[in-house]
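Participant: The listed protein sequences correspond, in order, to chains A and B. Residues in the first sequence are numbered consecutively from 2, following the numbering used here. Residues in the second sequence are numbered consecutively from 308, following the numbering used here.
Quick caveat, the hints were computed from the structure, so don't treat them as lab data. Please note that the accuracy of each hint is not assured.
To be verified - No farther apart than 20 Å at their CA atoms in a straight line, the calculated lysine to aspartate or glutamate pairs in the EDC-like style are these:
(1) K191(A) - E204(A)
(2) K525(B) - E433(B)
(3) K323(A) - D196(A)
(4) K497(B) - E512(B)
(5) K369(A) - E314(B)
(6) K5(A) - E433(B)
(7) K369(A) - D520(B)
(8) K323(A) - D194(A)
(9) K268(A) - D194(A)
Said to hold, decoys possible - What the simulated footprint calls covered on chain B by chain A, stretch by stretch (three residues with Cβ under 8 Å from a Cβ of chain A suffice, anywhere in the stretch; the number is not a length):
(10) 311-318
(11) 408-417
To be verified - What follows is a list of derived Cβ distance ranges for each label pair:
(12) R413(A) - G385(B): 20 to 28 Å
(13) T406(B) - R413(A): 52 to 60 Å
(14) D371(B) - P345(A): 51 to 59 Å
(15) P303(A) - A389(B): 30 to 38 Å
(16) P421(A) - R540(B): 52 to 60 Å
(17) G370(A) - T526(B): 18 to 26 Å
(18) G452(B) - G370(A): 33 to 41 Å
(19) G264(A) - E379(B): 30 to 38 Å
(20) S240(A) - T526(B): 53 to 61 Å
(21) P421(A) - A381(B): 21 to 29 Å
(22) R436(B) - T273(A): 47 to 55 Å
(23) A457(B) - R413(A): 50 to 58 Å
(24) T366(B) - H332(A): 31 to 39 Å
(25) T273(A) - R473(B): 53 to 61 Å
Note that the structure is a prediction, hence the values are computed from the model and not measured. Beta carbons are placed, not taken as given, at the ideal position from N, Cα and C, and that holds for glycine.
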Amino acid sequence: MANKTILTGWGRTSPSVAELLRPEEEAELAALVLASGGRGMIARGLGRSYGDPAQNAGGLVLDMTGLAAIGPVRDGYVTVEAGVSLHRLMRELVPEGWVPPVIPATRQVTVGGAVAADIHGRNHHADGSFGSHVTALDLLGADGVTRTLTHDDPDFWATVGGMGLTGVITKATLRLTPIETSRMIVNTYKCRDLDAVMTRLAECDATHRYTAAWIDCLSAHGRGVVEGADHARQGAARSFRARPFEASPGFLPVGLLNRHTTGLANKAVYVTAKRESVQVRPLASFFHPLDRVGHWNRLYGPRGLVQYQFVVPLGAEQTLMKIVERIRRSHAASFQTVLKRFGPGSGGWLSFPTPGWSLALDFPTSTKGLAWLLDRLDELVAEAGGRVYLAKDSRLRPELLPVMYPGLAAFRERRRELDPRLVFQSDLARRLSL
Amino acid sequence: MKNAFGEPQSLLLVGGASDIAMATAMRLVRRRVHRVILAGRPSPARDAAAIRLAEAGATVETADFDAFRVEEHAKVIGDVFATGDVDVALVACGLLGDTDLDPLKAADVAMVNYVGAMTAALVCAEAMRRQTHGALVVFSSVSAGQPSPADFLYASAKSGLDTFARGLAGALRGSGVHVMVVRPGFVRTKLTKGVNPPAFATSPETVAGAILDGLRAKTQVVWVPGILGQLMRLPGSIMRRITG
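The shape of chain A in the complex, shown without the other chains (with noise of 0.2 Å):
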């Protein structure tokens, strides 16, 4: 292999080792594709997925950073190349008036990596995930030949949310959301208990677009602090002047994040929290504060993060709350701890969102029994009916996927058409069995 670079997603876990390229110009992908090697090929971004999606050892991985160009916006939409990050999406198009449809908790991510992940943000209940709001793609096929799909073809629908396995994601063209100011409203309600988290929850959601839920976990009630907000419509000008916080500041403790550690930032957040506020906060601030520290994952130490994050149906909040009990009880601790209701899924065979009660976890890697804990709660969450985002998973059994994801039989059967020399490969793809 002439490149050999060992890769890991963002939690640092399952390093693999692959010949790392960069195409700049379709025609090279489209070359690649054609001479693929037994091991295959798999896209990646900016490597934001935690686990193993963007690996492929022994094969190739292609970055396609490369590929980063945003045409004009016209109606409200724009054509973008797919390896944009929506952080540059940002810089470029919220001085005009305009933000991605969808912004989840990282700008570091690009929109072939959105589409590909069906990824989701706080406004999900409201307008739902990437994949609804991408009217066309271009997918880069097993056969070296570019198709543009719209939501007429089913191979959108295994492309939404298909992990890169259906073909390499070249462009899309996404419906822009429009914005007054660049400002953001935020309200902040503090409850005392899980049950009160989630009835402030539901509540705001009638009355906010963005809406999410930080719950202590290790607390003894699951309380939390609950956020609801909306664009600022007047006063402040449009500006986006964050920066990417590519650089890791050189004093970054490695492995500052332990159990001690972890529960006293917690009950901070929750001490210091007012029991209702009203503030107008950037964009950037509201959305995206971890953007604020470069590698940030290098927090948990060398064995890295495991996130853990599922879904269950609404109706499913005994089982929600069953869950953060257990996790309590086991002295796992999470150091952000995010509750979500989702609204409608996109339609995308393997898109994670589906209406219900989302919760996101991190734990370091090496926190004891975490394997063990795990798989209890993949059960517990598959017996309700729900299922893990493949977008962070790095550690389910791969038997409990086909009864989380009933997408996933057609999925495998249309992948095995589409690309009988199995071209499209990652190691995601191949501990999953996808």
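Guided by the hints, dock chain B onto chain A, whose structure is given.
Facilitator: Chain B in isolation, oriented as in the chain A frame:
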């Protein structure tokens, strides 16, 4: 593929299902391994092993592998890797042999414990190098460095295999492949039934536990029990008296 906790999902047992190999396989299956390939001679023992592993929840495949037929190894093991990645391969071809010094029987001992095991390991190593990940576990023995009149044929073959495997580990450095040599002491198994166990005798379960720990920590040489590694520094005669 291994998961974030380093837990393997697929396992190849080369040379059949000895007590140690089965104990290791069962523990791995109880965690994450769901594909097991039993490569050995067709036999009731192989079938029984397949049933036990399937009952524990694994998808079991068999491959007809014969340590003597070295010319077939590339094909038989190559086919296994062609169906899907193998995360861990245990090379456990073993034949204790007799105490009599029949040259042809001695050749058999060398064939199974050394030559056959080596060719199988080489085929696995090349396939794992291509997939750029995997762990290759080679069963040596504490007697590899300490021959006794009772087992020196076996010990000499294991000695060759041990040297080979440590060399292979060096040759594969940086490839993503982990080669681990396991040196158990006296293990109470079907094969050693009736023999009076010496000090530091161990069980297949303990060896399996040590293998799992070694896989997690990417150890190069595993002694079971661990203290044998220290005892090996003693003069051979004393060592033999302790370990039998």
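Participant: CA of K369(A) to CA of E314(B), is that 20 Å or under?
Facilitator: Holds. K369(A) to E314(B) sits at ~15 Å (cutoff 20 Å).
Participant: Lying within 52 to 60 Å: is that true of the beta-carbon distance T406(B) to R413(A)?
Facilitator: Holds: the Cβ-Cβ distance is about 56 Å, inside 52 to 60 Å.
Participant: Confirm or reject the claim that P421(A) and R540(B) have a C-beta distance inside 52 to 60 Å.
Facilitator: holds, 58 Å
Participant: Could you say whether the range 51 to 59 Å given as a hint is met by the Cβ separation of D371(B) and P345(A)?
Facilitator: This hint holds: roughly 53 Å between Cβ atoms.
Participant: Please verify whether K497(B) and E512(B) have alpha carbons no more than 20 Å apart.
Facilitator: holds, 13 Å
Participant: Taking 20 Å as the top limit, are the C-alpha atoms of K5(A) and E433(B) close enough?
Facilitator: holds, 17 Å
Participant: Given a hinted range of 47 to 55 Å, is it respected by the beta-carbon distance of R436(B) and T273(A)?
Facilitator: holds, 54 Å
Participant: Confirm or reject the claim that P303(A) and A389(B) have a C-beta distance inside 30 to 38 Å.
Facilitator: holds, 35 Å
Participant: Take a quick look at whether K323(A) and D196(A) sit within 20 Å of each other, Cα to Cα.
Facilitator: Distance of about 12 Å is within 20 Å: holds.
Participant: Could you tell me whether the CB distance from G452(B) to G370(A) stays inside 33 to 41 Å?
Facilitator: holds, 38 Å
Participant: Is the distance from the Cβ of T273(A) to the Cβ of R473(B) consistent with 53 to 61 Å?
Facilitator: The hint (53 to 61 Å, Cβ to Cβ) holds, given that T273(A) and R473(B) are roughly 57 Å apart.
Participant: Has the hinted range 53 to 61 Å been met by the Cβ atoms of S240(A) and T526(B)?
Facilitator: holds, 56 Å
When held up to the earlier numbered hints, the structure conflicts with 11, 19 and fits the remainder.
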